[in-house]
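For the protein sequence lines, the chains are A and B, in the order given. Numbering of the first sequence is given in UniProt numbering, commencing with residue 1 and proceeding in unit increments. Numbering of the second sequence is given in UniProt numbering, commencing with residue 1 and proceeding in unit increments.
Treat the hints as calculated values from the structure; they're not laboratory data. It is possible that part of the hints are untrue.
When chains are identical, the list treats them as one kind, so a pair holds in a single copy or across two.
Calculated lysine-lysine pairs in the PhoX-like style (CA-CA distance at most 20 Å, straight line) [what the hints assert, rightly or not]:
(1) LYS944 x LYS588
(2) LYS726 x LYS696
(3) LYS346 x LYS120
(4) LYS362 x LYS120
(5) LYS519 x LYS756
No experiment lies behind these values; they were computed from the predicted model shown.
Spelled out from the first residue to the last, the chains are:
2 protein chains.
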Amino acid sequence: MSAQYQKFLKVLEKWPTDKTKIGSGVQRRDEPARKMSNEAKIISGTAVAKNIREELRGEVTSMTRLLPKFTPGLRIVQVGGREDSNVYIRMKVKAATEIGIEAVHVQLPRTITEVELLDKINDLNDDPRVHGIIVQMPLDCDSPIDSHRITDAVAPEKDVDGLHTVNEGRLAIGDLGGFLPCTPWGCIELIRRAGVEISGARAVVLGRSKIVGTPAAELLKWAHATVTVCHSKTRNIEEITRSADILVVGIGVAEMVKGSWIKPGAVVIDCGINVKPDPSKASGSRLVGDVDYEEAKKVAGHITPVPGGVGPMTVAMLMKNTVRSAARALDRQMRTQWTLEPLPLKPLRPVPSDIVIARGQKPKDIALLAKEIGLESREVSLYGNKKAKISLSVLDRLADKEAGSYVVVAGITPTPLGEGKSTSLMGLVQALGAHKKRNVIAALRQPSQGPTFGIKGGAAGGGYAQVIPMEEFNLHLTGDIHAVSAANNLLAAQLDTRIFHECTQKDKALYERLVPRIKGQRKFSPIQLRRLKRLGIEKTDPDALTEEEYGAFARLDIDPETIMWERVVDINDRYLRSITVGQSPTEKGISRETRFSIAVASEIMAVLALSRCLKDMKHRLADMVVAFDRSGKPVTADDLGVTGALAVLLKDALEPNLMQSLEGTPVLVHAGPFANIAHGCNSIIADEIGLKLVGKDGFVCTEAGFGSDIGMEKFCNIKCRTSGRKPNAVVLVTTVRAIKMHGGGAPVTPGAPLNKQYTEENLELLEKGLPNLLQHIANGQAFGMPVVVCINVHVTDTQAEHELLKSASLKAGAFAAVVSTHWSDGGAGAVELADAVIKACEKGNNFKLLYDLELPLLDKMTKIATTMYGAGKVVLSANAQEKVKRLTEAGFGNLPICMSKTSGSLSGDAKIKGAPKGFTLDVEDVYVSAGAGFVVAMCGEITKMPGLSTRPAIYDIDLNTETGQIEGLF
Amino acid sequence: MSAQYQKFLKVLEKWPTDKTKIGSGVQRRDEPARKMSNEAKIISGTAVAKNIREELRGEVTSMTRLLPKFTPGLRIVQVGGREDSNVYIRMKVKAATEIGIEAVHVQLPRTITEVELLDKINDLNDDPRVHGIIVQMPLDCDSPIDSHRITDAVAPEKDVDGLHTVNEGRLAIGDLGGFLPCTPWGCIELIRRAGVEISGARAVVLGRSKIVGTPAAELLKWAHATVTVCHSKTRNIEEITRSADILVVGIGVAEMVKGSWIKPGAVVIDCGINVKPDPSKASGSRLVGDVDYEEAKKVAGHITPVPGGVGPMTVAMLMKNTVRSAARALDRQMRTQWTLEPLPLKPLRPVPSDIVIARGQKPKDIALLAKEIGLESREVSLYGNKKAKISLSVLDRLADKEAGSYVVVAGITPTPLGEGKSTSLMGLVQALGAHKKRNVIAALRQPSQGPTFGIKGGAAGGGYAQVIPMEEFNLHLTGDIHAVSAANNLLAAQLDTRIFHECTQKDKALYERLVPRIKGQRKFSPIQLRRLKRLGIEKTDPDALTEEEYGAFARLDIDPETIMWERVVDINDRYLRSITVGQSPTEKGISRETRFSIAVASEIMAVLALSRCLKDMKHRLADMVVAFDRSGKPVTADDLGVTGALAVLLKDALEPNLMQSLEGTPVLVHAGPFANIAHGCNSIIADEIGLKLVGKDGFVCTEAGFGSDIGMEKFCNIKCRTSGRKPNAVVLVTTVRAIKMHGGGAPVTPGAPLNKQYTEENLELLEKGLPNLLQHIANGQAFGMPVVVCINVHVTDTQAEHELLKSASLKAGAFAAVVSTHWSDGGAGAVELADAVIKACEKGNNFKLLYDLELPLLDKMTKIATTMYGAGKVVLSANAQEKVKRLTEAGFGNLPICMSKTSGSLSGDAKIKGAPKGFTLDVEDVYVSAGAGFVVAMCGEITKMPGLSTRPAIYDIDLNTETGQIEGLF
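Hey, can you work out the whole structure from these sequences and the hints?
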């Protein structure tokens, strides 16, 4: 498409190359003289304009061939209703429509104020369907409006009138890449199409107006004429005018230029339009120019008539500018490669602390990054200048765009120190984006604040592969987790309050309160009508219900023993693991035991991550099962009336957050469901927006929590099943250290020094640990994905150790196995990894899911356990068997399974390292997350509320009140 | 100061009025010829430049006289280290320094990339100390940088080189209000100062460069010369040149213009600088211009030499531009009146619902509003485009600025429906800002989300007097309340966890964990050193402590019975009013009873509201007393090690939020401490920023919760005491309805229809209720403030009722009593109120506090109760007596009192209406909020956790997933 746009530039470049000499009056050989006399050739603006409009129609046709939904858009803003303006606007709309431009006449009332008009123009500036904006002058308004301010409010890149100061400035200094003012551009085009050479000619421009004289003189100058500008203060104007080979007149005085002013053979372009009394005309007058046409045509070589000269050209050039602007927009839209400018990285040795590295790099302005990756300004809500929310409307705008490759970064079974999955992901995207110049987006989870204040160590990656600014990333960000907490706890409050009110009120009283009479009227709210419908009551008049229906409607009859909904805080607060609520006398003894979880363990967080749009989110919120009633039927959030309120609280949270890597490439941070009891992946929406933004040659790299047996399995079977996306490759992150641990190495404990086994070469131990790596490679292959093994280097690793991991990986069928030093080198250290990922994604996509939803719940669990974990079988506890039965009966049997299992082992027992085979996996409990859309199988006790240690990270964290900087956070 | 700036414009306007004719070679009478021959007069650029620099020094002196801290600032950005550039930069720095401009040479390495350079320039653009930026060309860089992009990255309003496309554009169209390029401006100035008339002259410019030829031609044209531009493609250049009365040469060829090219008597301005070999010079070369000087001076009337002609003028004009830019900045800084453009209001009849009104008005872009009220862009963090956070650095920048008038809006004892205090406040600021054109800021509290989802009715005002967008205002806003909750609960978690760890570990083990050995090293964190110091242990080596000191340091020994710190949620969750925590087996039976409050009741919210800066906030957070130890000593947040972590969580929350009124005037929303158990006012920081932004003729209007006996009393005695501000006036909002209630009217209940007494004229009832109004008037007077009574009109009020209220108020000594219809008419309905407030503030400020801090706690309570409530005496319960004793001993006796009393009555009993006198006020309990800095006196039970009703507002709230709009919120 760039070719398309290049053509326009060539039109401009053509000017000085035209061959015909001027000043001689000699007629061009290829064009028969219209008259046999010595009179000037008439330059018909009408005819030339028609040609131009036809050319433009052709351009528009070829644009729509490239992108069928694309239409050039012009908006003509008019204030008030002057009749002369109406005539001009009708002409413009007609010309535009014929060409295929969608021209809209935006009529605004005379009462509009300057602020309101500016706001209106801003809206048009931001509207991606609009490529050209003109404000019809003069403004016909009641209150004074500064028309210059209005002209300058139009975005320069949509200023198809060419009147914005920036476009005037570009022209003045010979930069013809902006928009040229229509009338003077029309003049030049007439001269050019008449076959007259401008370069070297002497040109005189009469008049210095902003719209005609000044830009005409500049255009002539940059077409290499020697230009003199005359105006009211000019002496000897006739003499100067007579020196002109090219004379452009725009001085506003009827027939001022006489034949005697004109050099014989000169080209005369008359921009004037004046009304002259003419009794011979029915109207009593006729239009004349600033040149005395009858006299002039006897002397000039070429002359434009009035009307039919410059007039039609003004409209034609307006159309040309509009098409040109549309071509640019189309070009941007079709451009596959971003023009992203990476932030340079200058790694220090030895590698400093994460915070020192992060502070050493100044992030680029997030608005700039958003622009670089093709976001429109209206799609971006800035939160300060280092983070922004992205509107879901991007998905509509890019609905037809091809998606990029989808890469999931998973890990082997990790040591308690973690094996650097986030760091490797960041290294990979920095390599792809800043070094391989590919469009790439990292899609990460937002970390919980619990660990931030608990254990030292952020989740932003590490070393020279990080998200910045890390303090924003690890703290409130844009408040999404807070919104999840607020929604979760509002539902909890409503749940307990409802139980209380049902306990303390009779059916009728409850009903009267639920459907109160306000000013004599009573009606159901929409959410109450939904509940009636679920109950099979097809009534809409609250007074029409029977006694029995009152009760059915008003009484949810929740069985407190079955309540699954818990309150949450985003803090490690162990004292909230088990609590009794409702002990105030005001609750009349209706207390119960419950607990708080950490906020990221909320089902709402999983809903946020799995929703595909606002509507889908609302449905999922409505469907969340909070408990069962005494008859065993599920009670949902919708039954409690909170669906809309929850959606309102979560509306902004559903928009992903844009941040950046240390090398200035884009990162989307969104959602962070616990990988223990939920699916542990970032949001579908962030990935979808990312895949569309990067386009078909680009990449979205996302992370799946814990080992491939947990995070990747759920990524595929839950997240990808929901989104319908097929990932193209998996990057499996491993370390020498972790494999040694699986080979029987000493325990690895945070805080304690590492055993020598890990800091010295030990090929034997490494060899013994390989089965764990091989199981994870096989896990990736089970989904039909090419597996790229990434060996995340630690300084104490040896080359022989790396070679052993590589050869074992390749032997096991890994697509590639590469050593990566992104931690110490940034993207430059992950280029080989990036190359391997690019190649893996170029392979055909053979992704397949592991199981069908139709299988019974136990069969699905068994499939996962045997394939992914190496288990022999799954055994359900009595409780779990009962739950499976109940959930299946309640219609939840065809949901996917979310396994809740230790992350420390492939088995259900965290102490068993390596790759055990044939073991029995015990499932203790089963419950449904109906909103998230999965059934959770609990393999043993999983805490949802971490605690603080005696000396948590809190002690080191401080705010420097002089600099405002956070200290000790990482 | 505008006069200052006007002078500069006049310089430009002077051009065409100079009298001397040119083209005649005639010498000016007032200037003796330098030579007796016919040779041209030499125009000495050196001399003229010196004059200009001296003029500028004078200008700078007068600027600093106006504002002593003000210094014009110039930044000269250099990439690399070219020696020729160094020479130029030294010249510029020298010239600037002599004039009094602070010129900084910003040297950047050759390795800089384009993105980094752009970023650097952006920083300078945003730096208010910088008035001029030039980028020294050529760039001496390793990687390619687009110099045009760099030039255009400089903010046009700081582009003192005049090379930005916008400034070129302004010049092109004859708008001389931008910055003129220095060299051509210097040329014109030389011509002008030589006494040559430009208007009407024929001028020829040789060369069309962006820096010299093109702008010189434009300047000559707009000074009304008839200008011809010649360049490399010009034919007959000698002939054209010979026609020039004024010849400006900038073509880059040494001595190209010969004597024969020059019209006798012409003015010749030579912009060329070329090096010519000259064996007679020691250096072997000398500088020559583009004009053959020796020949030309024999023909020309005036001529500039090289060197010493145009060269020095370039530097002088650069200085002139810089001073001009500084003058504009100073002008903006000293300007007292904003140029704020209100949003027009078109009230409908009947008045629609609040949400319909709010939706009907499109808020202006918040960045625009921020600019209108004088905020620099670096001081504003946008949160989308309708709300923004304001940096505390504003207070530093405006430290020397005079503050505006400070108005507090208070109320009488309200009915449960509220009497429209917020609405009246909004009406008042809309009237002051949009109708009286005064600088005014409304400073409001952020509402809790609890009531938003509980009771219908937002806190954004109502009718045509509102904050918009109301949904942002009533929901998460920018997350401040969430941050308060997070901080509050982190402290709670750390408190319980610490108790648990102290219960389960011996001194030594505890100590080892608190001060662990990491890689062989152990050290105290700064917060631990603070605790040591408080304990009187002056050691810094963890291994140097004695056994006893281990224990003293490690064991806080909290008495669980004394714990005052509670967890919070921002939700009406009645089940959390009394709970038992720590019931999980992991807590080993160390459970305890506690409760949750609503987040706005957190002491941290009061701290946020009362802090004067980050540092002050941190101190207050450190001082918060969470419990007492078993020896009765207070245990603080700092003892628990959380001060820094809390400050980090609250760093952004301390920045006030900018929003706007329905009429587009600024509103600061910040903090929202409960008025029951805290002081119930918005933040000191928001008020301080507001007072500085509005300036000495402006107004900050803020609200105090509940009746004047509660909110206003605390506003004065706590908030103003802390901030040191003296409010200028109080607006006392009353309604006919409330006064009737106090006169014995039927109970007023939300949801129930109003008794006829309230909807029909009833002067008798009104008369009886007057004492309540009079007590509140007296309350304002007790603080020495003029009281403006605002009668907030309801449609059923009668004129007689209004008159009765007015006359009673005036008789009681109110400064004014006005009827206000802002609810139905917006600011237009509150103009009379605004006028009264303006007049009240023009009175001298006689504000005084009610009591001295030195008084005993009981005496302070008594003073408040007798003066503000009409009580006869205060009686402490035994418990309260004991607490008063303990707090006094612990050093909290000299804090102000925060009375916690029902808002429904002047007395301690909500059922007693009117204005009871001589009653006994019972104080049941007393505790300290040491961080907030007050002692709370509890007059009866005050719930800190509201509940949801059977049918809360939740049922009506919904999100329209098609439009994204929130429905039913209000």
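To see whether the hints hold, each was checked on the structure:
Proximity of LYS944 to LYS588 under the C-alpha cut-off of 20 Å is restricted to the inter-copy arrangement: shortest distance 18 Å between copies versus 30 Å within a copy. Taking the shortest alpha-carbon separations for LYS726 and LYS696, only the intra-copy value of 14 Å comes in at or below 20 Å, while the best inter-copy value is 64 Å. For the homomeric pair LYS346 and LYS120, the shortest alpha-carbon distance between copies (18 Å) is at most 20 Å, but the shortest distance inside one copy (46 Å) is not. Proximity of LYS362 to LYS120 under the C-alpha cut-off of 20 Å is restricted to the inter-copy arrangement: shortest distance 10 Å between copies versus 36 Å within a copy.
Taking identical chains as interchangeable, the C-alpha atoms of LYS519 and LYS756 lie at most 20 Å apart only when they sit on different chains, with a minimum of 15 Å there against 80 Å within one chain.
Going through the hint list in order, the structure satisfies each hint without exception.
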